[in-house]
Amino acid sequence: MKIFDNNLNKKTVNIFNILLLCFVCLATIATMGGVSAHGADVTDNVMVVTNESNAIDTKKLVDKLDLPIKVYKFNTVADADHILEHALTNPNKRMLVVAFQESTKEYIKSHNNLTNRVMVVDVKNNEDIEKALLDFNSTLSDTSNSAEGNLNIDYTTLILIVAIIGLVSGIGVFLLRSKK
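The sequence shown begins at 902 in the numbering used here and counts up one residue at a time.
Just to be clear, a hint being listed does not mean it is correct.
[To be verified] With beta-carbon atoms standing in for the labels, derived distance ranges:
#1 I1062 with N918: 22 to 32 Å
#2 D1023 with F924: 30 to 40 Å
#3 I930 with E1028: 51 to 61 Å
#4 L1061 with N918: 36 to 46 Å
#5 D945 with T1058: 23 to 33 Å
#6 C926 with P992: 28 to 38 Å
#7 L1077 with L989: 37 to 47 Å
#8 D1036 with N993: 11 to 21 Å
#9 I930 with T1040: 35 to 45 Å
#10 I1062 with N993: 35 to 45 Å
#11 V1063 with S1039: 32 to 42 Å
#12 L989 with L921: 29 to 39 Å
[As the list claims (entries may be wrong)] Computed list of lysine-lysine pairs in DSBU-like fashion (alpha-carbon distance at most 35 Å, straight line):
#13 K1032 with K974
#14 K1025 with K1010
#15 K960 with K912
#16 K1032 with K994
#17 K1006 with K994
#18 K971 with K1010
#19 K1032 with K965
#20 K1032 with K1006
#21 K1025 with K1006
#22 K971 with K994
#23 K994 with K965
#24 K1006 with K960
#25 K965 with K1010
#26 K1010 with K912
#27 K974 with K960
#28 K1006 with K971
Note that these hints are calculated values from the structure, not bench results.
Predicted model, so just to flag it, every value in this text is computed and none were measured.
Glycine included, each C-beta is placed from N, C-alpha and C at the ideal position.
Taking the hints into account, I'd like the entire structure generated from these sequences.
If you want it as structure tokens, here you go:
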């Protein structure tokens, strides 16, 4: 007894091939990384944003306290905002901002997901910087301990999983219907 006649079997194979091709195209598109128009981020994940007036003092304090934090000097507000853009795409980036505070506060207001990773400090003297560095370092150890066990699935992975489940379900339904 023949379940499929030759004509139906060829249709099934053709539809299956089309669905497989669609799946391969979808998987390829979904796994492509985003293209960044402003280049790769070459700064460390834990950093202090400084300017010309407080960069040297901040670096000396970081060295004196022996903290695992890199100090970066920026010359303009645009440069500081640019590094904040990198923090949007890198969830591991943590920043202590001791320069360009006003522009950073405005940037954080428009990007709320940075509030727990960017610490802005109004600096009047070296003691303020030292206290801020110690506070920042303690928050780093707190967040590294609390981040264990977090499941972080990005949207591309989620879309790919849903597409695979939908495709497999669709093929299964099609095959069951075609058997009748």
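Legend entry - Restraint status (C-alpha distance of K971 to K994 at most 35 Å): Roughly 12 Å between the alpha carbons, so the hint for K971 and K994 holds.
Inset, instruction - Please test the hint of 28 to 38 Å on the beta carbon pair from C926 and P992. - result: holds (29 Å)
Inset, instruction - With a cut-off of 35 Å on the C-alpha distance, tell me whether K960 and K912 pass. - result: violated (70 Å)
Inset, instruction - Starting from the hint 22 to 32 Å, judge whether the C-beta atoms of I1062 and N918 obey it. - result: holds (23 Å)
Inset, instruction - Using the beta carbons of D1023 and F924, state whether their distance is inside 30 to 40 Å or not. - result: violated (54 Å)
Inset, instruction - Decide if the proposed pair is consistent with the structure: K1006 and K994, CA atoms, cutoff 35 Å inclusive. - result: Since the Cα atoms of K1006 and K994 sit roughly 17 Å apart, the hinted pair holds (cutoff 35 Å).
Legend entry - Restraint status (C-alpha distance of K971 to K1010 at most 35 Å): holds (25 Å)
Legend entry - Restraint check for K1010 with K912, where alpha carbons must lie at most 35 Å apart: Violated: K1010 and K912 sit about 57 Å apart, past 35 Å.
Legend entry - Beta-carbon spacing of L1061 to N918 - inside the hinted bounds 36 to 46 Å or not: Violated, at about 21 Å.
Inset, instruction - Compare the distance between the alpha carbons of K994 and K965 with 35 Å, and conclude whether the hinted pair is satisfied. - result: holds (23 Å)
Legend entry - Pair hint outcome, K1032 versus K994 [Cα-Cα no greater than 35 Å]: Satisfied, since the Cα-Cα distance of roughly 21 Å is no more than 35 Å.
Inset, instruction - Given the hint that K1032 pairs with K1006, test it: the Cα-Cα distance must not exceed 35 Å. - result: Holds, at about 20 Å.
In this structure, the earlier hints numbered 2, 4, 10, 15, 26 are contradicted, and the remaining ones agree with it.
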